[in-house]
Amino acid sequence: MKKECIAMLLAGGQGSRLYVLTGDMAKPAVPFGGKFRIIDFPLSNCANSGIDTVGVLTQYRPLELNNYIGNGQPWELDRMNGGVHILPPYQSATGAVWYKGTANAIYQNIGFVDLYDPEYVAVLSGDHIYKMDYSDMLRRHKEAGAACTISVMEVPWSEASRFGIMNVDGDGNITEFAEKPKEPKSNLASMGIYIFTWPKLRSYLMADEANEASSNDFGKDIIPTMLNAGEKMVAYRFEGYWKDVGTLDSLWDANMDMLTPGSGLNLLDERWPIHGRTAICPPTYVGAHSDVGNSAVARGCEILGEVKNSVMSTGCRVGERAQVSYSVVMPGAVIEDGARVSYAIVGENCHIGAKAVVGAPPEEADDPDSWGIAVLGPHTCVAAKETVPPKTMLDHTHGKETSR
Amino acid sequence: MKGMHGIIFSYGEKPGLGQLTANRIHGSLPFGGDFRVVDFMLSNMVNAGVTDVGVIMHGKCQSMLDHLGTGKSWDLSRKAGGLKLLPAFAYSESRGTVGPFRGKMEALGSVIEFLRHIRQDHVVLSDSDLVANLPLRDVLAAHIASGADMTCVCTSHPGESGDTYFTLDDTGRIVDTAYDVRTPAGYQSLNIFLLSRDLLLELVEECMAHDRYSFRRNVLQEKGKLLRFNGYVWDGFAARINTVQAYYQRSMELLRPEIRAELFCAQRPVYAKENDAASTYIDPSGECINSLISDGCDIQGSIRNCILFRGVRVEKGAHVENSVLFKNTVVKAGANVRCVIADKNVEFGPDVTMAGHPQYPLVVEKNTKL
Chain A
0 MKKECIAMLL
10 AGGQGSRLYV
20 LTGDMAKPAV
30 PFGGKFRIID
40 FPLSNCANSG
50 IDTVGVLTQY
60 RPLELNNYIG
70 NGQPWELDRM
80 NGGVHILPPY
90 QSATGAVWYK
100 GTANAIYQNI
110 GFVDLYDPEY
120 VAVLSGDHIY
130 KMDYSDMLRR
140 HKEAGAACTI
150 SVMEVPWSEA
160 SRFGIMNVDG
170 DGNITEFAEK
180 PKEPKSNLAS
190 MGIYIFTWPK
200 LRSYLMADEA
210 NEASSNDFGK
220 DIIPTMLNAG
230 EKMVAYRFEG
240 YWKDVGTLDS
250 LWDANMDMLT
260 PGSGLNLLDE
270 RWPIHGRTAI
280 CPPTYVGAHS
290 DVGNSAVARG
300 CEILGEVKNS
310 VMSTGCRVGE
320 RAQVSYSVVM
330 PGAVIEDGAR
340 VSYAIVGENC
350 HIGAKAVVGA
360 PPEEADDPDS
370 WGIAVLGPHT
380 CVAAKETVPP
390 KTMLDHTHGK
400 ETSR
Chain B
0 MKGMHGIIFS
10 YGEKPGLGQL
20 TANRIHGSLP
30 FGGDFRVVDF
40 MLSNMVNAGV
50 TDVGVIMHGK
60 CQSMLDHLGT
70 GKSWDLSRKA
80 GGLKLLPAFA
90 YSESRGTVGP
100 FRGKMEALGS
110 VIEFLRHIRQ
120 DHVVLSDSDL
130 VANLPLRDVL
140 AAHIASGADM
150 TCVCTSHPGE
160 SGDTYFTLDD
170 TGRIVDTAYD
180 VRTPAGYQSL
190 NIFLLSRDLL
200 LELVEECMAH
210 DRYSFRRNVL
220 QEKGKLLRFN
230 GYVWDGFAAR
240 INTVQAYYQR
250 SMELLRPEIR
260 AELFCAQRPV
270 YAKENDAAST
280 YIDPSGECIN
290 SLISDGCDIQ
300 GSIRNCILFR
310 GVRVEKGAHV
320 ENSVLFKNTV
330 VKAGANVRCV
340 IADKNVEFGP
350 DVTMAGHPQY
360 PLVVEKNTKL
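Protein chains in written order, with numbering that gives the first Met the number 0: chain A, 0 to 403; chain B, 0 to 369.
Just chain B, same shape as in the assembly (with noise of 0.2 Å):
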């Protein structure tokens, strides 16, 4: 049948997120007040039609599955199709191995079977760490339009040395792909990969068959020169979440109106989870300055430049600057935070002084009680 297929990887250590990945995958991280970075992604996915997503897990999934569930937030629980969860558990026993994917090939080649039963005639391919609301249909359109074997979205924004980088010929055709580079240079890639399924079987077969396993180097590089691979340009807001400082700094822009028009746009919608928590309260003696605030905060305290998420209670005399607070962090009377990132049910106790450096954000444990 017509349309996309979704699979959505989410696996891999990020040790630049230190904390906030301790007790979950980078794909769970809460992000922008309302969501988890997965929630961009597959909502990507759903605004552009797509019905039916996999999500291929290793590693600390507790804190995905008890997100995604049965997937009816992103309307994904359906009679047929709709989201699929692949943990590697099956994969692992039967290889003797329990040490995480060394490749993408190497996940797909783990839920072949769930590949083969594919109702779509295109695939979708996308990591879940990267934050950006953009229109997979009009990707689908190009990439059918150019006859192009695979279509790889990517962005003229700069990024670190260990992304992806192409090199892209007049015609928009992929001529080269580098990665672990010195000075990057060419279009970054935001690893989101179109290409049909029958090509997309026939590429995990083969690297199967000679225990490939690395989708840049044995696909990307390897098979660049043979098929066309072509890049899909899309220089709008894209956040790959990588580092605690990434982190904080891509929260932060959200406090900007354009960048917000941009991600959370109308025709786009960004779904997350439901909640039962009421309307936030804001305190006459409560003071907010250019915040993003969820439901079921009460705040009393005065808060500035900061993301708070759901539940969040400032008390009356306590100042946060500059800061992320997760769910349910509590800040008690006359506590001073500034630059922070507060992990979920974090408690700064009374008069308690706690500061980063925009540059250096302190991360707080979650739980933590201080």
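Chain A on its own, in the form it takes in the complex (with noise of 0.2 Å):
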């Protein structure tokens, strides 16, 4: 049963901040990119990185999650030993506890790692679209004998402020971790992709959890912690396409990217292919008097109209004369004939009727600050003729429009 490495996949968050697409499921189980969804993206890589026994921590909403994991198959993680398992937290004989934090997470499943008896545990996130190889990362942590390495790449400076940043000296060791710092004295962000060596780890997280005043969370608590205590800290520097989709601006944002050459995000590259859960469906059918430009189709579509700068998902349709421009339609939507979807995000199974206007370009909006995307949660019914402003949100029981 023994692996040299595991990792552990944090899949339980809400993601309040997609908001209405996240009301029914959680974050990771967000449809990506036409075909895929968002917790494809660690999974491929593990399975691309040949790591075979991966453990998803799931809390919230988990039922979408569950149901398109399944068996893991699609990653090659229906393994003998070792393979795909889902996490829920657990009652015990001292009693039950949700997972406070993403420390208390792993804490609560350090009987899930021992039954592999690892050298070396993998903790990833749940959120982030990027392509990489936790091989190589894994090579540097070993060669630099390190108890934990950080992957990190750099951002512009302006933006540095957002992120953890990690001050490094010239053998690439962390020496400081600051946590959205105000004055940032590098452009090193942390990506919340750690490794660690799994006995060290296993102790910082029995003190963690023993000392009540932490927040049981890996960047606020398990690192500094670590630092502080002098364990070698290694920084890994990842150069490529990585984003946190934990908002729905970075969200619609990275599923552009995957229109834009150059951007690094190439999902055609067979390279480093993204697995995922092959929708049973026929070829998209694309009409007589169709426009497609610039566009990313799943199959199963039927395109009848215009669809300009768009990702498409399994299983949509776009009746006749209706447009779709700068907007990311997911699996099952329907846009009826000559309905306007522009600058949008589409949940599953939406329905937006005949002639109904959703979002506008931003060179429409009368105020520049009040505009933004407009969102349909899952399953919203948009009636026929009617217009969602841009930066409107609506979910399906159509109650209250709500402004981000």
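Each hint should be verified, as a subset may be incorrect.
[Stated by the list, open to error] Mimicking DSSO-like on lysine-lysine, the simulated pairs with C-alpha atoms at most 27 Å apart in a straight line are:
1. B:K272 <-> A:K130
2. B:K365 <-> B:K331
3. B:K222 <-> A:K307
4. A:K384 <-> A:K307
5. A:K99 <-> A:K242
6. B:K1 <-> B:K222
7. A:K307 <-> B:K315
8. B:K368 <-> B:K343
9. A:K181 <-> A:K141
These aren't lab readings, by the way, just hints derived from the structure by calculation.
Could you fit the two chains together into a complex? Lean on the hints.
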């Protein structure tokens, strides 16, 4: 049963900044890039990096995620020894507690990790879009003889204060860590991807749990404590595409990056394939009077109208003379004849009536400050000829319109 | 136990398919952008609740073996039963023959031990050349209700002279079976036969004992007077893929919405092997008109009335019209392709022009670089 390295994937967060999209599902289950869901990225990275044992820590609305992961076969994670395991919080003899923080989630599953008696544990987030070879990071971790290796990337100095910032010495040893510093001393940001030497992490998790003042979080508690204790912590520099899609704007941005040559996010590149569960549906049909350009289209769609600069997920329908531009349309959404959808995220199985208008381009906005992308939660119905203004969010209850 | 066991025949040559079956059996011929021909019959069975399917193979079965794998894609990877691949090696050796099966009864005789272990009361037999989405559950219900000894699925759509034709009486009983007829008349057999396991075993054993091998002569014709064989008429979309022309025309029919609605109806999904291709990307300079497109394509040129399989790349300034491009076809900049069926991994070089005729499409062999 012994494994050299296993991965623990944090997938329990609500993703509250994705608002209506995560009303009924955890953030990692949110569709991405037409064919995929966010969690396909870390799971595929594991599969491609040779990590065959993954614990997925779930807590918030796990139904959709559990259903999607299933036995892990799409990621070659249906294994006799190892494979993917869903790890929800559980009741024990002394009581039952929810996962109090990221570190506590791993703490509560020390038993699971110990089953595999690994030397190293990779702690990953379930809400990042990136392609990364964890085996290369592990090599760096082993060569440096580190207790903890943190994956970092350079971010623009102007944005550095939004991240956890590392200061490193000439050998890449982390000398200082500051969570969202006002005056950053470096522009090396933590990507929230860690590899720990398991016996070290295990003891720090035990100590952290005993400390009642701790918030049981990796970034806030475990990392600073290990650094203060003088543990060897090294940075692993990542160069490539990486995006935290924790907000509606960043989710929309990342989808658009997929359409932009040179953005670094090329899902058609077969050298590092992203695996996902394939929907059962026929190929996409593009009609005789349709016009599709600069768009990604998954299968099972029927496109009769115009689609520009957009991502169409599995099984969507765009009616005649309908126009979709700069939008992310999630699986099963129907956009009826003559409707206009622009700068929008349309949730799963939404229905947009004929000639309805959802969202608007920024150049049409009266007040640039009040402009933003329009977002429809899953199963939202927009009546024929109804208008959903920019920066509006609607969910399927269609109760009140909320502004972000 | 109740229910049906499926048997699919995957052997024999179809010279009419030419290069398309140079390295594969007709059942593993790609069709409809995402599928192999055999996917349709497998899906028909699975959608009717069939859990056990035997595929009798002979000849060029490598691509079929690759495609079927464990049967996982059709939910046929089971602890008990599931998909069973039945290649003819053992049979050929014991008989001392290396030639193909002379007929279905011989093929069934070659797997008689397998047939004896069938758990279900009924067996549905089918060829692997049929593209249709039909309700086998209804066929079973009709078979049981009618009390017939065997039910044969047929269609009133016309076929070719080599096909088998049934004459039905008012009660639906097959009163005559004919083949190789000059002027086809009656109902064209779709070669799906439903009967009880016990009768199947009886017929197979009797045929083996007398070295009879032909299903249509030794069973349909010779037993038709003694036993009650009924016709089940299915007039939905049904394409038997025998020739390049038929392949091309039936493929192009998928561009019609009513045909797609029938073949890909929501109640009975067609299962295909999963793949890892990302979404298709259509460039700002790309133009897609009236086409069926699978995953993982990169379209920068213009395609019109086409069927694109997975991973096809059409470069800027390339024009493709009325064509079927199999997996990973590349059409380089400025190339012009019309009425072509391009097999896997074909590359049309820059400015290459290649054209067939709608009635005589051009097949470009697998891995050809032009």
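_Tell me if the straight-line CA distance from A:K181 to A:K141 falls inside 27 Å._
violated (33 Å)
*Taken at face value, is the distance from the CA of B:K315 to the CA of A:K307 at most 27 Å?*
OK: A:K307 and B:K315 at ~18 Å, within 27 Å.
*Verify the proposed pairing of A:K99 with A:K242, using a straight-line Cα cut of 27 Å.*
Cα-Cα ~25 Å, so holds.
*Taking only the CA atoms, is the gap from B:K222 to A:K307 under or equal to 27 Å?*
violated (63 Å)
*Is the straight-line distance between the alpha-carbon of B:K1 and that of B:K222 27 Å or less?*
holds (26 Å)
*Does B:K365 pair with B:K331 here, judged by a C-alpha cut-off of 27 Å?*
holds (17 Å)
*Measure nothing beyond the straight line between the CA atoms of B:K272 and A:K130; if it is 27 Å or shorter, mark the hint as holding.*
Holds, at about 25 Å.
*Is the straight-line distance between the alpha-carbon of B:K368 and that of B:K343 27 Å or less?*
Holds - the C-alpha atoms of B:K343 and B:K368 are around 11 Å apart, at most 27 Å.
*Assess, step by step, whether the Cα of A:K384 is no farther than 27 Å from the Cα of A:K307, and give holds or violated.*
holds (21 Å)
Checked against the numbered hints above, the structure breaks hints 3 and 9 and satisfies the rest.
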